[in-house]
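Q: Line order of the protein sequences matches chains A and B.
For the first sequence, this note's numbering begins at 1 and goes up steadily by one.
For the second sequence, this note's numbering begins at 1001 and goes up steadily by one.
What the hints contain is simulated information worked out from the structure, not anything from laboratory work.
One should not assume that every hint holds.
Unchecked claim - Beyond 12 Å from chain A on every Cβ pair, some chain B residues (computed):
hint	residue
1	Gln1071
2	Asp1249
3	Ala1276
4	Ile1305
Said to hold, decoys possible - The following label-pair restraints were derived from C-beta to C-beta distances:
hint	chain 1	residue 1	chain 2	residue 2	range
5	A	Thr115	B	Gly1018	22 to 32 Å
6	B	Val1015	A	Asp96	28 to 38 Å
7	B	Arg1128	A	Gln87	47 to 57 Å
8	A	Leu107	B	His1017	42 to 52 Å
9	B	Gly1349	A	Asp5	55 to 65 Å
10	A	Leu107	B	Ala1216	29 to 39 Å
11	B	Gly1308	A	Asn112	43 to 53 Å
12	A	Asp47	B	Gly1307	25 to 35 Å
13	B	Ala1082	A	Val54	52 to 62 Å
14	A	Asp96	B	His1017	27 to 37 Å
Note that CB positions come from ideal geometry on N, CA and C, so glycine has one too.
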Amino acid sequence: MTPDDRRYSTEHEWAKAEGGEVVVGITDFAQEQLGDVVYVELPSVGDQVKQGRVMGVVESVKAASDLYSPVSGEVVAVNDAAVGEPQKLNDAPYTDGWLIRVRPDNLDELNNLMTAEQYDLRVSDRGPEE
Amino acid sequence: MSEPLRETPLHGWHVAHGARLVPFGGWSMPVQYPGGILAEHRATRAGAGLFDISHMGRVELVGPDALALLQRTTTNDVNALAVGRAQYSVLCNEAGGTLDDLIVYRLPGRYLAVVNAGGRERDLAWWREQARGLDVDLVDRTPDVAMIALQGPAAETLLQPVCNVPLDRMRYYTATRAEVCGRAVLLARTGYTGEDGFELMPASDDVVALWEAVLALTDPVAPSPAGLGARDTLRLEAGMALYGHELTDEISPLEAGLGRVVKLDKGEFVGRKALAAQQAAGLTRQLVGFEMLDAAIPRQGYPVIAGGRTVGAVTSGSFGPSVERPIGLAYVPPQLAAVGTELTVVVRGRPAPARVCARPFWPHHTKRIRAAGD
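Same shape as in the complex, but just chain A (with noise of 0.2 Å):
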C-alpha cells in the first residue's frame, strides 16, 4: 500500500526522484494522524529548503504541525491545488495531494531515507497515540 517508487522520513514526509527533480509530500499515515487537514503552508518557488528542517505548517482541526522537508534544494512548483484545498492531503496524499517539487542539491540525499518496507515497520512499531 506505501508505494516502493519513493522514500520516507522519520517525519512522516515522502520523497520521490522524477526526471532529476524531487516531489515531496506526506505519508497517508501522517494524514492519518493529523485527521482532516484545513490549512496548508509551503514555501514559495525558488525558496531553499533543506533535508530535515522545517519547510511549512500543515493544521489539522485541532492542531498546527511543522513539515520537514525530506531533501535539500531550491522549491521549482508549489502545490497550489492543495493550498486551495487542504483536504487533497487527506484523500490523495501520495498523488493530488503532493505539497512542493525541488531542484535537488544532491539526489544521493535520498539515500539517507527510509524505503517503503522500513517505513512500514517503522509506523507498524508505533503503539497508539498516548
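With chain A's structure known, arrange chain B on it following the hints.
A: Chain B only, in chain A's frame:
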C-alpha cells in the same frame, strides 16, 4: 501527573469503533471516530450527533441547606430556579475569578450540578469547605450515572418515538425523568453545540445499551457518533466559553461576557464584592469573537496586536467547519471590542489580519421559547 486516566462506561465501545482517544480533564476520551471531526461536526449541524460526555462531573446537593450553599457559591440566582428547570452559572473565588462554570438543575428534592471534568474534584472540595455549618450532603454521582448528548436539528424527531415524554412541549434548559429506549434517564434539553438537542443521564450500567439503541435510530437520519473534536468546533462556532480557555481562575464572568448569569443583587455570594467593584470601575478586557481575513488559523495563546502593541491573546481558535473560515475568541480592551474592529493575530511569528465579528459565529437553533434559566 502520573495518575491513570479515567474511562467512561463507553470506553470499550469507543475503542471497538476506531475512536482516537486523547487525555482530557483526567479522562481518556474520544476526540474523533474514523469519519473525522469535520464529518461529525457537519452531521450534528445537519442531522444529529451523539456524544459521550460522561467525563463531565455530576454532583448532587441534597438537604435543607442545598439552596443556601448554591446561593453562596454560584453567581446566578438559584432562588429563581423552579423544579424541572436548569440554569447556567459560574463558581467564583473571592477575587471574582472563575473556579468553574456549570449547569445547575433543580430536581424534586435536590439539586444536580453538572461541572467540568477537570474541575470536579476541586469544586467538590470548594463546596465542602463552603458548606461548613450548613446541612447539606454532596454526593458525587459521576461514577454511577453516565451522560450522553444527542444534538442537532433531528434530535427531537429521533427521540420522540422511543421516549415516554412529549418532547414538543419540553423547553430549552428544562429537565425531567423519562424513559428512553426502555432505560430510565434524567432527560435535559441542554447542550453545548448551539443546536437543539438533549442530554441524557442514565445509570452507568445502562449507557452502552442506550447509546447503541440511539445510534440505531434512523428517522429522519441516523445520528453520527461524535467526539470532543467536533464538540469543540461546535461550541466555538456557537460562541460558548470553555473552561481553561475563555474562563480561568484569573478571568471573571463579567469579562467573559456572562453578565446575564451574574446576579449582583441576589444577596451575598462568594466573589460578589469583587465583581461589583469590577462592574463599577469598568472592565479592562472583554471577550470578543473574531474572524481571520486570510486562511491562517488562530490558536490558544497567540498574541493579539493593535496599534503596534500587544493588547490581548487568543483563548480558542480553529477552522470553523460550518462558517467555513478560521475563527477565534480573544480577550482585548473594551475600546477594541466593537464589531468590525481590525486586529492583528500573530500566527507563529507572522502577523495575520483579523476582524472582530458578532458572536455567535453560527446562529443558535435551541428550543428557546423564552429565555430560560439564563
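Q: So, for every hint listed, does it hold in this structure?
A: Do the hints match the structure? See the list:
Residue placement check: Gln1071 (chain B) keeps its beta carbon more than 12 Å from all beta carbons of chain A (closest about 39 Å). Here Asp1249 (chain B) stays apart from chain A, with its beta-carbon at least about 25 Å from theirs, past the 12 Å limit. No beta-carbon of chain A is positioned within 12 Å of the beta-carbon of Ala1276 (chain B); the least distance is around 39 Å. Every C-beta of chain A lies more than 12 Å from that of Ile1305 (chain B), the closest at about 19 Å, which supports listing it as non-interface.
Between Thr115 (chain A) and Gly1018 (chain B) the CB atoms are about 29 Å apart, so this pair conforms to the stated range of 22 to 32 Å. A C-beta distance of roughly 32 Å is found between Val1015 (chain B) and Asp96 (chain A), which places it inside the suggested range of 28 to 38 Å. In this structure the supplied range 47 to 57 Å holds for Arg1128 (chain B) paired with Gln87 (chain A), their Cβ-Cβ distance being about 50 Å. Judged by the Cβ atoms, the range 42 to 52 Å given for Leu107 (chain A) and His1017 (chain B) holds: they are separated by roughly 45 Å.
For Gly1349 (chain B) paired with Asp5 (chain A), a C-beta distance near 37 Å fails the hint of 55 to 65 Å. The given range of 29 to 39 Å is broken by Leu107 (chain A) and Ala1216 (chain B), whose C-beta atoms sit roughly 56 Å from each other. Checked against the given bound of 43 to 53 Å, the beta carbons of Gly1308 (chain B) and Asn112 (chain A), roughly 45 Å apart, stay inside it. Under the hint 25 to 35 Å, the C-beta atoms of Asp47 (chain A) and Gly1307 (chain B), about 32 Å apart, fit the expected range.
Between Ala1082 (chain B) and Val54 (chain A), the C-beta spacing of about 58 Å keeps the proposed range 52 to 62 Å intact. One distance hint, 27 to 37 Å for the beta-carbon pair Asp96 (chain A) and His1017 (chain B), holds here, with the actual separation near 29 Å.
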